[in-house]
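Following the hints, put chain P with the ligands in place on chain E, whose structure we already have.
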Amino acid sequence: MIILNQKEQEAIHYEIQQNCLIIYISQDLDHHTVNLLREQSDRLIDAGDIRHIIFDFRENDFMDSSGIGLIMGRYKRVMFRGGKAAVTNVGKEIERIFNLSGLFQIIERYGTPEQAVAGLNAKREK
Amino acid sequence: MKLIIDSNSQNEAFARTVVAAYITRLDPTLEELADVKTAVSEAVTNSILHGYNNGEGEIEIICEIKGQDIMVEITDHGVGIPDIEKAMEPLYTTKPEWERSGMGFAFMEAFMDELEVYSEVGKGTRVKLSKHIGDRT
Ligand SMILES: Nc1ncnc2c1ncn2[C@@H]1O[C@H](COP(=O)(O)OP(=O)(O)O)[C@@H](O)[C@H]1O
Ligand SMILES: [Mg+2]
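Chains E and P, in that order, are what the protein sequence lines are. The first sequence begins at 1 in the numbering used here and counts up by one. The second sequence begins at 1001 in the numbering used here and counts up by one.
Just chain E, same shape as in the assembly:
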């Protein structure tokens, strides 16, 4: 396990629903947070039967280009096993960053993590 300090532990929650790993990001997604998140999420992706990955932004309103790198990197990781990536609860600030980086062209957007779990799996059956 990666040891995080108290504040950092509280700021990132992981949840597995069906074949999806949901990452709840509730602190600024910058280079510092990305370094904490990357290793942990990859370990969870590799350990479990994870096909898709979902980033939830309900409690987050700051992200810079380091966050783009993180999302792209995790997307590539699940892509190799036929998975996809999605973002949920995207607010105005985060939306601007996504628009500017063209991320919505490869990453799906849903209202809530539950909708994403359903949506990602529904499309796969087609």
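Hint data in this document are derived by calculation from the structure and do not stem from the laboratory. C-beta atoms are modelled at their ideal positions from N, C-alpha and C, and glycine is treated no differently. Don't take every hint at face value.
The calculated DSBU-like cross-link candidates involving lysine-lysine, where the alpha carbons are at most 35 Å apart (straight line), are [said to hold, decoys possible]:
(1) K92/E with K1086/P
(2) K1086/P with K76/E
(3) K1123/P with K1095/P
(4) K92/E with K1066/P
Where chain E lies over chain P, by a calculated footprint (3+ residues, C-beta under 8 Å) [what the hints assert, rightly or not]:
(5) 1007 to 1013
(6) 1029 to 1042
(7) 1045 to 1053
(8) 1103 to 1110
Listed next, with one range per pair, are the computed distances between beta-carbon atoms [to be verified]:
(9) F1014/P with G91/E: 20 to 30 Å
(10) E114/E with I1065/P: 38 to 48 Å
(11) E95/E with F1014/P: 20 to 30 Å
(12) D1006/P with S26/E: 23 to 33 Å
(13) Q1010/P with R43/E: 20 to 30 Å
(14) E1097/P with E59/E: 25 to 35 Å
Frame of chain E, contents of chain P with the ligands only:
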């Protein structure tokens, strides 16, 4: 305002928060604040991981207000940039193995009115960001 921070990723949030606090006197919109915070975060992050290659060093942040215009200057004494024009191309990164997106300069340009980059190999890099806050009327 002048701030000198150690090159440490924990200081990224501190740096952009201080600059944001400093410019609140201009009564910026939430969007303008987010713009400035993002640009500062990009420049400071670049100094930490490119300039100092995640090693030790100091980063200087100078912030000035003239009327409704803000100017933020971020300087490191790191490795410098050999080809600034190339470095500023969107998606260009020298650190793909660190999952860098190469969007840092593009974000600085998009979120600020002006971006100037001065750099010398072996000496360091200075990024100058300017933005007008509020209505132009
Ligand atoms: N302060 C700096 N010192 C040295 N090199 C830098 C600095 N800032 C930027 N660079 C160079 O410019 C490139 C592009 O920067 P940027 O657009 O922020 O993308 P990224 O940080 O994702 O690589 C970097 O990969 C690096 O080679
Ligand atoms: Mg950068």
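Evaluation of the provided hints:
no., hint, in the structure
1, K92/E with K1086/P, "31 Å, holds"
2, K1086/P with K76/E, "26 Å, holds"
3, K1123/P with K1095/P, "20 Å, holds"
4, K92/E with K1066/P, "29 Å, holds"
5, 1007 to 1013, "holds (count 4)"
6, 1029 to 1042, "holds (count 7)"
7, 1045 to 1053, "holds (count 3)"
8, 1103 to 1110, "holds (count 5)"
9, F1014/P with G91/E: 20 to 30 Å, "23 Å, holds"
10, E114/E with I1065/P: 38 to 48 Å, "46 Å, holds"
11, E95/E with F1014/P: 20 to 30 Å, "26 Å, holds"
12, D1006/P with S26/E: 23 to 33 Å, "26 Å, holds"
13, Q1010/P with R43/E: 20 to 30 Å, "22 Å, holds"
14, E1097/P with E59/E: 25 to 35 Å, "31 Å, holds"
Violated hints are absent here; each numbered hint is respected by the structure.
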